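Top line first, the protein sequences correspond to chains A and B. Residue 315 in the working numbering is what sits at position 311 of the first sequence, and the numbering runs on without skipping anything. Residue 296 in the working numbering is what sits at position 292 of the second sequence, and the numbering runs on without skipping anything.
No lab work stands behind these hints: they were computed from the structure. Bear in mind the structure is a predicted one, so any value in this text is a computation, not a measurement. Some clues are possibly wrong.
Here are the simulated DSSO-like pairs of lysine-lysine, each with C-alpha atoms no more than 27 Å apart in a straight line [stated by the list, open to error]:
id: 1; chain 1: A; residue 1: K31; chain 2: B; residue 2: K227
id: 2; chain 1: B; residue 1: K129; chain 2: A; residue 2: K117
id: 3; chain 1: A; residue 1: K329; chain 2: B; residue 2: K315
id: 4; chain 1: A; residue 1: K315; chain 2: A; residue 2: K300
id: 5; chain 1: B; residue 1: K117; chain 2: A; residue 2: K117
id: 6; chain 1: A; residue 1: K31; chain 2: B; residue 2: K131
id: 7; chain 1: B; residue 1: K227; chain 2: A; residue 2: K315
id: 8; chain 1: A; residue 1: K131; chain 2: B; residue 2: K15
id: 9; chain 1: A; residue 1: K37; chain 2: A; residue 2: K131
id: 10; chain 1: B; residue 1: K15; chain 2: A; residue 2: K15
id: 11; chain 1: A; residue 1: K131; chain 2: B; residue 2: K329
id: 12; chain 1: B; residue 1: K131; chain 2: A; residue 2: K176
id: 13; chain 1: A; residue 1: K176; chain 2: B; residue 2: K117
id: 14; chain 1: B; residue 1: K31; chain 2: A; residue 2: K15
id: 15; chain 1: A; residue 1: K176; chain 2: B; residue 2: K49
id: 16; chain 1: A; residue 1: K176; chain 2: B; residue 2: K15
id: 17; chain 1: B; residue 1: K176; chain 2: A; residue 2: K117
id: 18; chain 1: A; residue 1: K176; chain 2: B; residue 2: K329
id: 19; chain 1: A; residue 1: K15; chain 2: B; residue 2: K315
id: 20; chain 1: B; residue 1: K117; chain 2: A; residue 2: K227
id: 21; chain 1: A; residue 1: K315; chain 2: B; residue 2: K329
id: 22; chain 1: B; residue 1: K227; chain 2: A; residue 2: K131
id: 23; chain 1: B; residue 1: K315; chain 2: A; residue 2: K315
id: 24; chain 1: B; residue 1: K15; chain 2: A; residue 2: K31
id: 25; chain 1: A; residue 1: K227; chain 2: B; residue 2: K227
id: 26; chain 1: B; residue 1: K176; chain 2: A; residue 2: K15
id: 27; chain 1: B; residue 1: K117; chain 2: A; residue 2: K31
id: 28; chain 1: B; residue 1: K131; chain 2: A; residue 2: K15
id: 29; chain 1: B; residue 1: K129; chain 2: B; residue 2: K117
The lines below spell out each chain.
2 protein chains.
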Amino acid sequence: MNDFTYYNPTKIEFGKGKENNIGAYIKASGIQKILLVYGGGSIKKTGLYERIITSLKKSNIEFEELSGVVSNPLLSKVNEGIALAKNHGIQAVLGVGGGSVADSAKSIAAGAKYDGDVWDFFINKAKIADALPVFTVMTLSATASEMNGNAVIINDETKQKYSIASVLVNPKISIINPELMATVSQDYLAYSAVDIIAHSIEVYFTATVHPHFNSRIVESIIKTVMETTEILIKNPADYDARAEFAWTAIQALNGLTPAGTGGGSFPNHMIEHALSALYNVPHGAGLAVVIPAWMKWYKANNIAQFQRFAKEIFNTQDADEGIIKLENWFAKIGAPVTLAQLNIPREGITALATNANALASVWGLGDFYTQEVIAEILKKA
Amino acid sequence: MNDFTYYNPTKIEFGKGKENNIGAYIKASGIQKILLVYGGGSIKKTGLYERIITSLKKSNIEFEELSGVVSNPLLSKVNEGIALAKNHGIQAVLGVGGGSVADSAKSIAAGAKYDGDVWDFFINKAKIADALPVFTVMTLSATASEMNGNAVIINDETKQKYSIASVLVNPKISIINPELMATVSQDYLAYSAVDIIAHSIEVYFTATVHPHFNSRIVESIIKTVMETTEILIKNPADYDARAEFAWTAIQALNGLTPAGTGGGSFPNHMIEHALSALYNVPHGAGLAVVIPAWMKWYKANNIAQFQRFAKEIFNTQDADEGIIKLENWFAKIGAPVTLAQLNIPREGITALATNANALASVWGLGDFYTQEVIAEILKKA
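If we strip away everything but chain A, and leave its shape as in the complex, we get:
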C-alpha cells in the first residue's frame, strides 16, 4: 500500500426536500451574497428554481445569476461568472444543476480570487491558492463533482478540455435530493452510469498497487451502478434505486477508491476529452466508446486485474470476455460503443489523437500515450 493523504471536507446533505434549506445552510456559513449558477432553464420548468430563490430570500441571501451553462461547460461562461463575482462583491458560488454546473461554479470560485487568467490553473501555469466557497444542489449524478475538488472546462477558443483539482474548490455543502433526478432521460442515465464506471476503473486498472480493499470498493460501486441503472431504466420513479445510484456515483470519485494505490492515471477520460472538445459529444457517451477500446489495448499491461474484473463483475475467468460483456452492457443500456454511432468519421482520428496527446502531455502521460498509441486505440472503436 502506498502513502497517501485523504481529506474530503465536503458536507453531504442527502435526502428529500433538502434543497429547501439551502438558504439556511449558506447563511450559517456567514455568507450574505452569492452567485447562482445554472444551466439552460430546466430548473425553471421543474419549479426547482423557485424553491431555491424562496429559500435564499427567506434567509436574506442576496444573489446575482449566471444561466446558460452547457453540458460541456465553456471557459467563456466561466469568465462571465468571474466578472460578475468580481464586480458584485460575491462571497460564494451556488451551482444548481449537474456536473457541468458544479464544475463551472468551482472554476468561477477559483477565478474570482485570482488576478490572472483562470485558464492558468488548467494548464498548470498557476496553482489555486484561494477560492470563494462553493455550494451545490445537484440535479444529475455522475461526475461526483459534488464531493471533490475537480472541475473540467472546455476552452472554446483553443478547443482544449482540461481540468483543475484543488480541495479549495471542494463544495462546502452539497445537497443531493434523488427526487430532483427522477426526470433525467434514459440516454443521460446511461451516460451517467458509464461515467461512474469510468471513474471506478481508471485507477483500478492503472494503479501501481492493488490493495484488495480498494478493488472490493470499486467492484461494489460497479455492481451497484449496474444494478440500479437496470432498475431505473424499467422504473425511473424508483426512489431507492435513484438514491443508491446517486450516493454510489459520489463514492466513485471522492478520493476513497485511489487511496493507497499510488493513484493511477485517467487515460479514458483523457481520450474522451478530445471527443467532447472536438465533436461536443456527451462525456458519458464518449467514454462508452473509448472504454472498451482502451481496455482491449491496455489489458496486457495488467492481465491479473482484468481477470479479476471479469470474474467479480461478470463471473467469467476470461479477461477478454469481461471486456466484451461490459461493452455489451453499455450497448444494452443505450450507450454508443463505436465512433460511428457518435457520427465521428474515421478521418477524424488524427485530429482527436493530436488533441488527446496534448492533454496527455499536460498530465505527464505524453510519452506513454503518444499520438500513434491514441490513434491505435481509437481505431479499435
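Chain A is already provided as a structure; the job is to place chain B on it using the hints.
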C-alpha cells in the same frame, strides 16, 4: 434509502514516517502550545516519543504532557488533562497511542472548552458546543477514533462506560503509519480485528433499511479484516497487510457504512461496555464474547440479512452456520468466546445486565434491551 448527513473533515496522513511531520502540521494550523497525551510509556521504549518531541521542537510547538492513559480510559485521567489544559493555555490536544489515548484526547478537548463537568456530555446532560482542535498519531488500529467524533470513557466512580459523539472532536489531522503498529501483540491484533468486525456488523444487522451498496462495503471491510489478520498472525512484519488492516479499520466507523441506512443501533458495544466497566476486560475481547451470543439471540429479527452475511462472508446459505463460523474464527485467531474465558462468573450476569440496561436507557434502547433480555443474551455466552 433514508435521508442522511455525511460530514467527516478529518485529514488522514497515511504512510511511513509521517509522524515526523506532526510539528509542522500543528504549526500550519496556527497552534503554538499543545497537550501531549499518551499511555503507559511504550512510546518511549519504541523511540516514537523522542521523534514526536523532536518534531514539535523543530516547529517551536510548546507542550505539556499527560501520560498514563490506560486501555479502558478513565474519567479521572481526562479530568487531569482538562485541568492541565485550562491552567496552561493549551490550544490543541495531541494523542499519541491507540483508541484509548485518542478518546481521552477528544474528551479533554471538549472538557477544556466547557465550564461544567465533562461527564455531562456523556450522560446527555449537555451538548458539546466547542472544543480544542485534536490531532492524533496512532499506534494501534481498531476503534477508528482517528477519523470520527466518538470517544468512550469509563467513569471510575460510577463504573459507567459511556460515550460522546461530535464532529467538533473529529481529529483535524490523524497520522497513520502502519510501521508503528508492527509490534502489537497477537492478542491485541485479534481484539482489534473483532472490534472492527463489531463496528461493521452493528448497523449492518440492526438498520432500518439495507441498501446493497452499504452491505457490500461492510462485507468488503469484513473480508479484508479477516484476510489481513490471518496474514499478520503469520507474519507481523507484513507492511501491506498492516496498512490495509489500518485503513479498513477506519472505514468501519467513519460514517460511511451507516449513511442512508437509518443508522441502526450498537447493542454489542452496549453490552460489552458493562464487561469492560465491571471486569476491565479488553474491549475487543469482551466483544468477541458478546457478538456470537447476541447474533444467536437477534437473528430472527432480520433473518434475510443474517443469511446474506452467511453467504457473503462464509459461503454458506445457513444463517446459524454463519454465526458459528464467525465464532470459530474468533476462537481461531485467539479471541475468547465465552464469559468463562474472561473469568467472569455466571453470578456476575445480573450486575452486568443492570449496568448494560442503564446504558441502553441513555441510548434510548432501554425498552428493547431490558435487564432480562441482556441477561438472556449473556447466558448464551
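Each hint tested on the structure:
1. A:K31 <-> B:K227: With Cα atoms ~44 Å apart, A:K31 and B:K227 exceed 27 Å; violated.
2. B:K129 <-> A:K117: violated, 44 Å
3. A:K329 <-> B:K315: Roughly 25 Å separates the two Cα atoms, so the pair holds.
4. A:K315 <-> A:K300: holds, 17 Å
5. B:K117 <-> A:K117: violated, 35 Å
6. A:K31 <-> B:K131: holds, 22 Å
7. B:K227 <-> A:K315: holds, 17 Å
8. A:K131 <-> B:K15: holds, 21 Å
9. A:K37 <-> A:K131: holds, 26 Å
10. B:K15 <-> A:K15: Satisfied, since the Cα-Cα distance of roughly 14 Å is no more than 27 Å.
11. A:K131 <-> B:K329: Measuring from Cα to Cα gives roughly 54 Å; hence the hint is violated.
12. B:K131 <-> A:K176: holds, 24 Å
13. A:K176 <-> B:K117: holds, 26 Å
14. B:K31 <-> A:K15: holds, 26 Å
15. A:K176 <-> B:K49: The given pair, whose Cα atoms are some 43 Å apart, is violated under the 27 Å limit.
16. A:K176 <-> B:K15: holds, 15 Å
17. B:K176 <-> A:K117: holds, 26 Å
18. A:K176 <-> B:K329: This hinted pair is violated, its Cα atoms lying about 44 Å apart.
19. A:K15 <-> B:K315: violated, 35 Å
20. B:K117 <-> A:K227: violated, 46 Å
21. A:K315 <-> B:K329: Answer holds: A:K315 to B:K329 is near 25 Å, not above 27 Å.
22. B:K227 <-> A:K131: Roughly 41 Å separates the two Cα atoms, so the pair is violated.
23. B:K315 <-> A:K315: holds, 18 Å
24. B:K15 <-> A:K31: holds, 26 Å
25. A:K227 <-> B:K227: Holds, because 17 Å separates the two Cα atoms, which is no more than 27 Å.
26. B:K176 <-> A:K15: Holds. B:K176 to A:K15 sits at ~15 Å (cutoff 27 Å).
27. B:K117 <-> A:K31: Roughly 25 Å separates the two Cα atoms, so the pair holds.
28. B:K131 <-> A:K15: holds, 21 Å
29. B:K129 <-> B:K117: holds, 16 Å
Hint compliance for this structure: hints 1, 2, 5, 11, 15, 18, 19, 20 and 22 are broken, all remaining hints hold.
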